[in-house]
Amino acid sequence: MTERAGSLSSRPKTLIDKIWDAHVIVDREDGQSLLWVDRHLLHEGSFHAFDQLAKRQARLHRPDLTFGIADHYVPTRNRNAMQPEIKRMVDQLTDNCARHDVTLFGLDDPRQGIVHVTIPAQGLTLPGNIMVCGDSHTSTHGAFGAYAFGIGASEVAHVMMTQTIWQKRPKAMRVTVEGALPEGTGAKDIALHLIASIGADGAQGHAIEYAGSTIRALSMEGRLTLCNLSIEAGARLGLIAPDDTTFACLRGKPFAPKGDAFEAAVQAWHSLRSDPQAEFDREVTIDASALAPTLTWGTTPEQALPISASTPDPATIQDAARARTISDALDYMGLKPNQRLDSIAIDRVFIGSCTNSRIEDLRSAAAVLEGKRATVPGLVSPGSAAVKQQAEAEGLDRIFTAAGLEWVEAGCSMCVGMNGDLVPAGERCASTTNRNFKGRQGPGSRTHLMSPAMVAAAALTGHLTDVRTLAKVSHR
Amino acid sequence: MTPLIVLDAKACPLPLDNVDTDQLIPARFMKRPRGDGYGQFLLHDLRQDAASPARLLDQDAFKGCEILIAGRNFGCGSSREAAVYALADFGFRCVIASGFGDIFASNAVKNGVLPALVSAEQAEALLADDSIRQGAPIRIDLPGQHIRIGNHSIDFAIDPVWKTQLLNGWDDIDMTVSYAGAIARFNQSDALARPWAQPDRSPAQ
Ligand code: SF4
Numbered sequence: 095m096t097e098r099a100g101s102l103s104s105r106p107k108t109l110i111d112k113i114w115d116a117h118v119i120v121d122r123e124d125g126q127s128l129l130w131v132d133r134h135l136l137h138e139g140s141f142h143a144f145d146q147l148a149k150r151q152a153r154l155h156r157p158d159l160t161f162g163i164a165d166h167y168v169p170t171r172n173r174n175a176m177q178p179e180i181k182r183m184v185d186q187l188t189d190n191c192a193r194h195d196v197t198l199f200g201l202d203d204p205r206q207g208i209v210h211v212t213i214p215a216q217g218l219t220l221p222g223n224i225m226v227c228g229d230s231h232t233s234t235h236g237a238f239g240a241y242a243f244g245i246g247a248s249e250v251a252h253v254m255m256t257q258t259i260w261q262k263r264p265k266a267m268r269v270t271v272e273g274a275l276p277e278g279t280g281a282k283d284i285a286l287h288l289i290a291s292i293g294a295d296g297a298q299g300h301a302i303e304y305a306g307s308t309i310r311a312l313s314m315e316g317r318l319t320l321c322n323l324s325i326e327a328g329a330r331l332g333l334i335a336p337d338d339t340t341f342a343c344l345r346g347k348p349f350a351p352k353g354d355a356f357e358a359a360v361q362a363w364h365s366l367r368s369d370p371q372a373e374f375d376r377e378v379t380i381d382a383s384a385l386a387p388t389l390t391w392g393t394t395p396e397q398a399l400p401i402s403a404s405t406p407d408p409a410t411i412q413d414a415a416r417a418r419t420i421s422d423a424l425d426y427m428g429l430k431p432n433q434r435l436d437s438i439a440i441d442r443v444f445i446g447s448c449t450n451s452r453i454e455d456l457r458s459a460a461a462v463l464e465g466k467r468a469t470v471p472g473l474v475s476p477g478s479a480a481v482k483q484q485a486e487a488e489g490l491d492r493i494f495t496a497a498g499l500e501w502v503e504a505g506c507s508m509c510v511g512m513n514g515d516l517v518p519a520g521e522r523c524a525s526t527t528n529r530n531f532k533g534r535q536g537p538g539s540r541t542h543l544m545s546p547a548m549v550a551a552a553a554l555t556g557h558l559t560d561v562r563t564l565a566k567v568s569h570r
Numbered sequence: 053m054t055p056l057i058v059l060d061a062k063a064c065p066l067p068l069d070n071v072d073t074d075q076l077i078p079a080r081f082m083k084r085p086r087g088d089g090y091g092q093f094l095l096h097d098l099r100q101d102a103a104s105p106a107r108l109l110d111q112d113a114f115k116g117c118e119i120l121i122a123g124r125n126f127g128c129g130s131s132r133e134a135a136v137y138a139l140a141d142f143g144f145r146c147v148i149a150s151g152f153g154d155i156f157a158s159n160a161v162k163n164g165v166l167p168a169l170v171s172a173e174q175a176e177a178l179l180a181d182d183s184i185r186q187g188a189p190i191r192i193d194l195p196g197q198h199i200r201i202g203n204h205s206i207d208f209a210i211d212p213v214w215k216t217q218l219l220n221g222w223d224d225i226d227m228t229v230s231y232a233g234a235i236a237r238f239n240q241s242d243a244l245a246r247p248w249a250q251p252d253r254s255p256a257q
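Taken in sequence, the protein lines are chains Z and W. Its first residue numbered 95, the first sequence is counted upward by one per residue in the numbering used here. Its first residue numbered 53, the second sequence is counted upward by one per residue in the numbering used here.
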C-alpha cells in the first residue's frame with residue numbers, strides 16, 4: 095500500500111484524474127484506491143444499509159456530509175392518506191436520519207424533491223466533489239463538475255461507517271459534441287443518440303467527460319439531463335468541466351460557499367478541466383447539427399431512433415442474438431416491424447423524474463401545450479417543491495391543467511412507480527424519464543422515452559409526434 | 053460472506069441481453085427487510101410470462117441450480133442491491149454473461165456472487181449447450197478461472213480484487229477501519245487544500 099502525498103507526475107491529466115487524485119487516501123497494490131467522499135445522499139431505499147449499520151451497532155461517521163431526502167416512495171397526491179407500507183418507508187428514513195443526526199429533506203420540508211433535483215439546487219453539489227448515493231442516476235451531479243456515482247447498499251453502509259469508498263480508477267471516455275442544436279432538440283436528444291450509437295453498455299467501465307461547443311452552450315438544466323443519462327450508456331458517471339455557467343448557478347445557493355470563500359472557490363474550480371494534451375481511453379464525437387428529436391421504441395434506452403424513422407425489422411438482421419432481442423422488444427411493446435414511429439398511438443403521458451423535471455423542462459413542455467387540450471390523460475410531477483412553486487409563480491401549472499393534465503407534488507412518481515403512480519398493464523406512455531425497461535413504470539407498462547417538448551407534442555395528438563411539425567402547423 | 057472456490061452445480065440458461073435490475077427484482081417488492089428473503093421475487097414478472105425463457109427457473113430440471121447464464125449487459129440499470137439479494141436468496145452463486153452492469157457486478161461480489169465474464173461467442177455457445185439445457189452440472193473453478201462443461205473448458209475473466217474477495221469471503225469495512233490513521237491524515241491536508249469542499253451551513257447573505 096502507498097499513502098498519497100500528492101501526485102508528482104507532470105503527465106497531462108484529465109478532469110477525471112484531477113478529481114480522483116485529490117481524493118485518494120490509499121492506493122493498494124491490487125489497483126483499488128480508497129477515496130474520500132465529500133457528500134453522501136440517502137433516500138427511503140437506504141434502509142438496507144441502515145440495517146447493516148444497526149447489525150454492527152455502528153454509528154454514521156460523518157453526519158455533516160450526509161443528507162437524507164424522501165423521494166422514491168413519496169405520494170404525489172393525498173399525502174395525509176398514505177398507504178401503510180409507503181408510510182413505513184418514509185417514516186423509516188425519518189427515524190434513521192434522526193437517530194444518526196443526518197439533515198433530512200423530509201415530506202413536509204420546502205426543500206423536498208427528487209434527490210438529483212434538490213441537492214444541486216441547494217448548492218450541495220460542488221465542482222470537484224466526490225459524491226455517492228445508493229441510486230444509479232447519481233451521475234446527474236456531474237453537470238457541476240462533480241465526480242458522482244451510484245453505489246449499492248453494502249457500499250452505502252461502508253460510506254456511512256467510514257466516509258470513504260474503495261474504487262478502481264475507471265477508464266476515461268470523452269464525448270465531444272460540436273455544432274448548434276437544431277430547433278426541437280436538446281440534451282435528451284444528445285443523450286439518446288449517444289446511447290443508441292455506442293449501446294447501453296458502450297461506456298461500461300468508463301467515466302465520461304462531455305466536452306465541445308454544444309456542451310458549453312447547454313444550460314445547467316441541460317447538463318444535468320445529459321449527465322443523468324450517462325448510466326444508461328453503462329458509464330460509471332458523466333461529468334462536465336465547470337465554467338461560468340456553473341459558477342453563476344452556484345452563487346448564492348444555500349449550502350454553497352459564500353462571500354470571499356465563494357470567490358476563492360471559483361479560483362480553485364477554474365483548474366478543474368482536462369489538460370490540453372490529456373489522453374482519453376476512448377473518444378466519441380457527435381455532430382449536434384445533424385440531430386433530430388429522438389425517442390425510444392423498445393425496452394432498452396439503446397433502442398432509440400429519430401422520430402422520422404420506423405421500427406426495425408428483425409428479419410433483416412444477420413446476427414441471431416440481435417434479431418431475437420429486437421423481436422422480443424417489438425413483442426413486448428406491441429409494435430410491428432417497419433412501423434413508422436410517428437404513427438404509434440399512446441395512452442398517456444408523464445412529465446417528471448430526475449432526468450426532466452426542472453423548471454426549464456416544464457417550460458419547454460408548457461410552451462408546446464399552451465392554449466391547447468391534450469387528447470390523452472397525463473401526469474406532471476415537478477422535480478422538487480421549489481420547482482413546483484416556481485412553475486406556479488410562472489403560471490405553468492395552469493397551462494398543464496387547462497390542457498387536461500394532472501399537476502401533482504414532487505417525487506420519483508411514475509418514473510419507477512414505487513409510490514403507486516403506475517402506467518396500467520398494456521398501456522403506452524410517452525415519458526420524459528430515463529428507463530424504458532419492461533415493467534419499469536408498472537407491470538406490463540410500455541414506455542417511450544423522449545424530451546419534455548416531444549412528450550407534450552404526443553399529448554396533443556395522441557400519437558408519437560415530431561414536435562417541429564406541430565410548431566409549423568401553429569405558425570401557419 | 054461465504055468464500056467461493058470451486059462450484060459444481062446446474063446452470064440455468066437465460067438467453068437474453070440487457071437483463072436489467074428492474075427485471076431481476078421489480079421495484080414493488082423492495083419494501084421488505086432482507087430477512088424476509090428475496091428469492092421468490094427473482095425475475096418475477098418475466099416468470100409470469102409463458103413465452104419467457106425465465107420460465108426455465110421453475111422447471112424441475114433446474115431445481116437447485118446455482119449458476120445462471122445470460123447474454124450481454126446483465127444487471128444494467130438501477131443500483132438496487134436487492135437484485136443480487138434476489139439471485140443469492142434463490143440460490144445463485146455465479147452468473148456467467150458476456151457483460152455486466154458495473155454497479156451490479158460490484159454488488160454481486162459484496163454478496164459472494166461471482167460475475168464470470170466470457171466472450172459473446174462463448175456465452176452463445178453455453179446458452180445453446182445441450183447438456184447444460186438438460187440440467188447436467190458444470191464446474192466453476194475460481195482460482196483457475198475456468199468453466200468446465202463435460203470434458204472441455206473455457207476461461208472466464210474476473211477483476212483480480214474481486215477474485216481475492218470472493219475466494220476469502222472478505223468484507224471491506226473491516227479492512228477500511230485498519231486505515232483509520234491514513235484517513236485522519238488525509239482529512240488534515242484536505243481541509244487545507246480544499247477549504248470550500250464542506251457544506252456551508254451559514255445563512256445566505
Ligand atoms: S426519478 Fe426515477 S431515476 Fe430518478 S432517482 Fe427517482 S426513481 Fe431514480
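Rather than coming from a laboratory, the hints here were simulated on the basis of the structure. Treat the numbers as computed from the prediction; the structure is a model and nothing was measured. Beta carbons are placed, not taken as given, at the ideal position from N, Cα and C, and that holds for glycine. Incorrect hints may have been included.
Residues of chain Z clear of chain W, computed beta-carbon distances all greater than 10 Å [said to hold, decoys possible]: (1) 124; (2) 248; (3) 412.
Quick list of in silico lysine-lysine cross-link-like pairs, DSSO-like style, CA-CA up to 27 Å [to be verified]: (4) Z:262 with Z:107; (5) W:83 with Z:265; (6) W:215 with W:62; (7) W:62 with W:115; (8) Z:347 with Z:181; (9) Z:181 with W:83; (10) W:115 with Z:262; (11) W:83 with Z:149; (12) Z:181 with Z:149.
Going through the hints against the structure:
Under the 10 Å C-beta cut-off, the non-interface status given to residue 124 (chain Z) relative to chain W is violated; the minimum distance is some 5 Å. The Cβ of residue 248 (chain Z) sits about 4 Å from the closest Cβ of chain W, inside the 10 Å cut-off, so the non-interface label is violated. In this structure residue 412 (chain Z) is separated from chain W by more than 10 Å, as the shortest Cβ-Cβ distance comes to about 14 Å. Our distance criterion of 27 Å between C-alpha atoms is met by residue 262 (chain Z) and residue 107 (chain Z), whose separation comes to about 17 Å.
Between residue 83 (chain W) and residue 265 (chain Z), the direct Cα distance comes to roughly 35 Å. Violation of the 27 Å bound is thereby established for this hinted pair. The hinted pair formed by residue 215 (chain W) and residue 62 (chain W) meets the criterion: a straight-line CA distance of about 22 Å does not exceed 27 Å. Of the supplied pair hints, the one linking residue 62 (chain W) and residue 115 (chain W) holds, its CA atoms being roughly 8 Å apart against a limit of 27 Å. With a C-alpha separation of about 31 Å, the suggested pairing of residue 347 (chain Z) with residue 181 (chain Z) is violated against the 27 Å cut-off.
Distance hint between residue 181 (chain Z) and residue 83 (chain W) is fulfilled; the C-alpha atoms sit about 11 Å from each other, no more than 27 Å. Taking the CA atoms of residue 115 (chain W) and residue 262 (chain Z), the gap is near 37 Å; set against the 27 Å cutoff, the hint is violated. Proposed proximity of residue 83 (chain W) and residue 149 (chain Z) is supported: the alpha carbons are some 19 Å apart, at most 27 Å. Of the pairs offered as hints, the one joining residue 181 (chain Z) and residue 149 (chain Z) holds, with about 23 Å between alpha carbons and a cut-off of 27 Å not exceeded.
When each numbered hint is compared with the structure, violations occur for hints 1, 2, 5, 8, 10.
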